[in-house]
Amino acid sequence: MKSKELINHLFESCKNGRSVCELHCLTLKTGLITNSLFLTKLNTLYAKHSTLQNARKLFDETSQPSVYLWNSLLRGYCREKQWKETICLFNQMLSLSNSTSDKPDNFTVPIVIKACAGLSDLRTGKVIHGLVKKNDKMKSDMFVGSALIELYTKCGEMEDALRVFEEFPEPDVVLWTSMVTGYQKNGNAKEALSLFSQMVVNEGLSPDRVTLVSVVSSCAQLMNLLAGKSVHGLTIRMGFDNDLSLANSLLNLYAKTGSLRNARNLFAEMYEKDVISWSSMILCYVQNEEPEAALDIFEEMVKKKYEPNSVTLVSVLQACAAASNVDVGRRIHELTKQKGFELDVSVSTSLLDMYMKCSCLNEAVDIFEKMPYKDVVCWAAYISGFAQNGLAHESLGIFRNMLSDGTRPDAVTMVKVLIACAELGVLPQALCLHGYLVSSGFDDKVFVGAALIDLYSKCGSVDNSIRVFDALSEKDVVVWSSMIAGYGMNGFGREAVRMFNLMTECPGIIPNHVTFLSVLSACSHTGLLEEGIKIFDEMVHKYKIEPNSEHQNVMVDLLGRKGKLNKAMEFIEEMKVKCEPHILGALLGACRIHQNVEMAERVSKKLLRQDSNHAGYYVLLSNIYAVDEKWDSVARIRNLVKEKGLTRIPGQSRVQVKDRVYTFTAADTSHPESEYVYQLLREIEVKMKEEDQISDTDFILDGV
DNA sequence: TTAGGGTTAG
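Mapping to the working numbering: the first sequence position 305 is 305, numbers consecutive.
Simulated from the structure, these hints should not be mistaken for laboratory data.
Note that CB positions come from ideal geometry on N, CA and C, so glycine has one too.
There are no misleading hints in this set.
Derived CB-CB ranges, DEER-like: (1) ASP405 x SER612: 44 to 52 Å; (2) ILE510 x ILE236: 31 to 39 Å; (3) LYS689 x GLU629: 19 to 27 Å; (4) GLN338 x SER612: 42 to 50 Å.
Please model the entire structure based on the sequences and the hints provided.
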């Protein structure tokens with residue numbers, strides 16, 4: 001009794017500042033070291049205070065360690081995430097134990113299973129589960145149960161996890177929560193919420209703060225703001241509003257569902273914040289298209305002395321990319337070096353992506369080449385980056401390099417490759433990629449399907465687009481919109497409108513601003529004036545979508561092409577938002593088609609006040625004057641262009657013949673057979689005239 | 001002595 005008191009006294013003194021080593025030395029002298037209770041306590045202390053080496057030494061010096069001592073050391077390794085050492089020690093324990101007093105018990109097992117989960121070592125985990133099944137005490141232990149559930153969910157084996165869970169006649173909140181979390185982490189948030197409701201409604205159990213974190217994460221995954229908000233209300237009623245993790249998960253919910261206002265309010269009212277809160281808020285601004293605000297809040301975070309981690313850096317780099325702010329991007333690059341995140345694959349990928357999006361190709365290439373480990377995400381960023389910078393051909397070459405490097409593409413990578421290929425618009429490659437998608441099983445994913453439809457449309461092969469569209473088992477709004485756009489860009493305006501009408505009859509599919517842009521531009525290209533006006537009206541009044549400058553541009557184009565120049569002008573004047581120059585540009589183009597000099601002068605006056613450095617507008621105007629033979633005005637405009645030193649970026653066409661892609665620009669004579677090409681063009685032109693396919697030859701010649 | 005939780009890259 002006396003020694004027990006002494007032990008407790010000594011351990012108390014440790015809490016008050018005495019070091020564990022000091023205690024150890026002190027008690028070696030008193031002989032207490034032979035007391036088994038003391039030994040375990042001491043070892044636990046060592047293990048807890050990250051002095052594993054000392055714990056190990058003490059353990060090795062003990063001749064017949066008790067199960068307590070084994071567990072204490074195992075827990076130390078586990079706490080330090082030294083999973084392999086944990087399992088190794090456990091194996092030692094199994095082989096050395098020879099009596100009931102040092103056999104693994106129900107305290108040992110959860111530690112070892114956790115280590116298996118840490119290594120995602122399902123095989124060893126299952127062996128231990130086999131041992132558990134033979135032992136009634138272990139089988140009914142909820143700590144063992146929750147460790148097993150964690151193992152199975154981590155390895156994606158939800159059926160096994162459920163089997164363990166169902167072995168318990170009355171599982172507690174922790175076990176329920178383990179299952180909820182498991183489903184959420186495996187991307188099945190719906191099942192997670194269903195389980196949560198079973199727990200609360202059927203079992204009458206009250207969730208704790210950890211349960212609610214998983215529930216909020218599930219709502220975020222489902223983008224279900226309404227459900228998430230009601231859970232937020234519940235957390236307040238239960239008095240959990242000070243819980244940091246819970247607040248962070250709510251912040252993430254608001255960020256993902258686009259409720260910036262809620263996120264901002266919550267962030268302002270948070271009882272305490274940590275680096276995760278700040279990172280989440282930065283990402284929230286990025287996701288809600290306010291990258292400048294994201295950069296501001298990062299500055300504030302640094303000023304307040306919060307230490308950014310790799311996630312913070314990834315988020316800020318996304319903000320730099322979205323804001324096209326390469327100066328701040330370079331500063332963050334320096335910071336990643338200072339903080340030692342240079343080898344972090346996600347940080348490097350974000351850097352690479354940022355440089356690509358800021359058109360700094362050389363820097364991006366440099367980052368990529370220096371990456372010691374290249375995963376599928378960084379390859380995808382690299383492929384996509386080249387295509388974004390107008391180097392789609394090279395981008396497909398990189399895809400080939402990736403394959404020969406032995407990295408297996410995933411669905412997202414394939415979409416990037418499809419986009420690059422669409423940029424080139426070459427059908428043989430498209431067919432080849434489609435074949436690969438079918439053989440790899442990615443072709444049934446909706447977002448892959450949408451990209452494939454777009455690719456075929458851009459290769460001019462609507463038939464193939466239709467085939468892909470029909471074959472997709474699941475069609476979302478993006479798939480429908482791609483198909484509508486595909487019809488539109490290939491001149492099948494009526495089909496596009498028909499598709500649009502079909503789509504609006506599909507339950508659960510609501511057209512968005514992209515759908516409307518596609519169908520309206522289809523109307524514009526085919527000259528479907530009445531249909532276009534009707535659909536625009538529906539967009540504004542039925543679907544309550546505020547038209548953006550692109551929608552307005554298309555409408556002006558549609559009205560203008562059909563010669564309704566005054567109506568187009570009225571449309572522009574009635575617009576609620578500021579008129580972007582390109583909208584007036586569309587009207588000017590229409591003035592060119594219908595040769596309305598008077599309106600062209602009015603429009604260009606307005607237009608050049610807004611944007612006086614766009615060579616294309618001057619060229620349009622001068623062409624209008626030329627047709628009317630107003631040569632003075634033509635000369636005046638041309639001089640103006642010269643004085644301003646403006647140049648026009650020439651448009652390009654590409655044609656693939658066998659394995660080569662040929663690029664043509666206006667008045668291009670660089671091709672060795674250009675003489676022949678022009679001759680052929682002239683012949684085609686004569687034939688088209690004969691068949692009355694063109695009424696405006698000088699307009700066509702402009703392009704040649 | 002023992003359990004389940006929050007932010008990241010294409």
